[in-house]
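Engineer: Quick note, the sequences are listed as chains X and L, same order. According to this note's numbering, the first sequence holds residues 5 to 418 in order. According to this note's numbering, the second sequence holds residues 5 to 418 in order.
Keep in mind that the hints were calculated from the coordinates and are not lab data. Zero decoy hints are in this set.
Repeated chains share a single entry, so a pair holds when one copy, or any two copies, can fit it.
Here are the computed lysine to aspartate or glutamate pairs in the DMTMM-like style, where the Cα-Cα straight-line distance is at most 25 angstroms:
(1) K278 - D29
(2) K278 - D206
(3) K278 - D69
(4) K415 - E350
(5) K278 - D379
(6) K278 - E146
(7) K205 - D232
2 protein chains.
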Amino acid sequence: MSTPTATSQYQQQYEEARLRGLDLDMTRGKPCADQLDLSAPLLAGVGAEYLARDGTDCRNYGCADGLADVKRLYASYLGVGIDEILMGDNSSLSLMHDVVAQALLRGVPGSDGPWAGTGARFLCPVPGYDRHFSICEHLGIEMITVPLGSEGPDLETVARLAGEDERIKGIFCVPRYSNPTGITYSDATVRGLASMETAAKDFRIIWDNAYAVHHLYPNPAPLTNILDECKRAGNSQRPLLFGSTSKITLAGAGLAMVGASEVNLADLRLFRSKQSIGPDKLSELSHLRFLPDLAAIENHMQNHADILRPKFEAVLMILDERLGPHGVATWTRPRGGYFISLETREGCASAVIDLAAQAGVRLTPAGATFPYGRDPKDTNIRLAPSYPSIEELREATGILALSILIVSEQKGFL
Amino acid sequence: MSTPTATSQYQQQYEEARLRGLDLDMTRGKPCADQLDLSAPLLAGVGAEYLARDGTDCRNYGCADGLADVKRLYASYLGVGIDEILMGDNSSLSLMHDVVAQALLRGVPGSDGPWAGTGARFLCPVPGYDRHFSICEHLGIEMITVPLGSEGPDLETVARLAGEDERIKGIFCVPRYSNPTGITYSDATVRGLASMETAAKDFRIIWDNAYAVHHLYPNPAPLTNILDECKRAGNSQRPLLFGSTSKITLAGAGLAMVGASEVNLADLRLFRSKQSIGPDKLSELSHLRFLPDLAAIENHMQNHADILRPKFEAVLMILDERLGPHGVATWTRPRGGYFISLETREGCASAVIDLAAQAGVRLTPAGATFPYGRDPKDTNIRLAPSYPSIEELREATGILALSILIVSEQKGFL
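Same shape as in the complex, but just chain X:
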């Protein structure tokens, strides 16, 4: 469709960009320094006020589940009861990894025994979060992909697979502002996941609500409470809810938490009591003083949104301008979260990522959003606009667009 002149124009522009020797990183959902600055008060520590309100000396051992006041706040945050939460260390990923590892070694409430040796499998909505997939791969859990649509994972497929194969022990979900497509699960999806029949009586939903309050725009779509729905459906033990302040406060030094039914919690508490003497209560106390309630968290997240929104919009504007007319890619317009997901024409994504890299623009590796790093159609590219400056994003997205145009042309799509 395009003329040779147009071709050389893209390649010429690309060559000019390449020679500028850029080094731009859009690989990961890292907060930028401006976002981290929002939590500057946390850096001052607790000072001489190291006692929690209930008198706990936060410098010493104790409180294996976390401070009572912290549990209360983050129970509301997760949408669970005060007896349905346990605070972790600084990483919800660790909690997820460890919960799966424990299930393999010991089973979960309702299991006949350890999952290890049973050929345990997990459903993985795709495109999805690479670190979820890494946990499964590392621990030897076979992954079965399920398409992720605009309302969540395809419920019919999920219910069919989970209903017929008792080796399928769970599903990984990012229910709000899904990584990377940015969609939020619909009410029907949440209810369906909660109520479907599963062949495995110890099926678990790993509900990684990493972006629970990470809205870019006002009036966010509601997310139905998975624990409530599971209880209503008689499947109280099904969901394990994870949250983290890594992208609320400080990315390496936030709080992580897990919520679940009291039966599951007792099992988690047992495991944690063997693994650790308790989480860092000084970090908990600092967090509590900085963000004492849900209103404070919400207010704080609006400041994040004010930093992130123009970044997302800058990327989208360049994509619209440079690629809009050509029909060689589609992309999401998320209302929150940390990613834009882009779909090239078939067989182009890895070549695009390579080409962009040669011009100094690092993108998430091709295939990363699929189990085992294999994107069967080679179409998905995850864009992470949070870390670079707007200027850098414009430049990087321009190079990405050029790379897409060049590869699409080479493959005959343009």
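Chain X is fixed; fit chain L onto it per the hints.
Structural biologist: Okay, now just chain L, sitting in the frame of chain X:
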């Protein structure tokens, strides 16, 4: 041997003490508030200086192994090379638990496969640390006890068992100021553990050097470097060295670390990269500024010793005075660490602990220093003098002594 008059004297004294309604806790090796005060500067956080010397923004993701400067310092602390260490979160217990869990799920370098399902067993020197035993019990590793003597675990027994049973995959060791007896492994023991033949080719020594610098008195006995010895003996992969600042700085908010050969480290790094995005680098940076080198750590530990030494000596003085003449108990005189280990006459320990509890003195539960909580001779009592005040320790030890006298009398030992 004692007269009825003496009997009623002990019981009368005990009754008087009981009526005072005490509540004294000698159960755990918790630092006291004065010790925690020594690390007050840590509570101020890093403030605006959140960049590490190498420019790393400690507020953000990254540095999965820990900050370079922190690794350098704690590599020296553990006695390993800079490429032989990985920083954990706030708990070395977690690292130990997780390393064993990973071995069960995936094996270790040199394994034919996962340890799970192979009937994996561990050697456990006794008396020992209850949380080591809990990890094994929780994860289904059978524990085989080995007597701990004044130079470490009985080497002949260890070598015989490890040499003949390939299901024996490891041993838990607290090589310096062992919990609870306070002994330090001799050079011969360390060399023997490093060089013995093991039936399992993937045998591991869990070297929990929790009290590496926790001396009560000057001129501490040296501890031979286990990694060096293992390398010399051609068993580089054998030891996994654990350390923690929980009892150097803050008990719930210190740094934990693991050291090992580069081959083991690569395996640990792989696991950690799946489990976590990295440790809390702000805590690392605070620690580094507060304790920048080994000399600072050593100096700081002398301040701890100045607080702890009189506490240990107060307990020992009461034990000497009240029990010395009667021959119904023996106890250790540790040169460091957190515990005094007391041996009653056979069959007395649990009754003594119960009796002391009735008078408001809580001691570590009977049997806790043995696998599965079973002290076969019912003789061992672990005393933790760090947390109570000297006044409280005198009172608590007095009641303990009375309880020992009364029970010994009832059992006919007095």
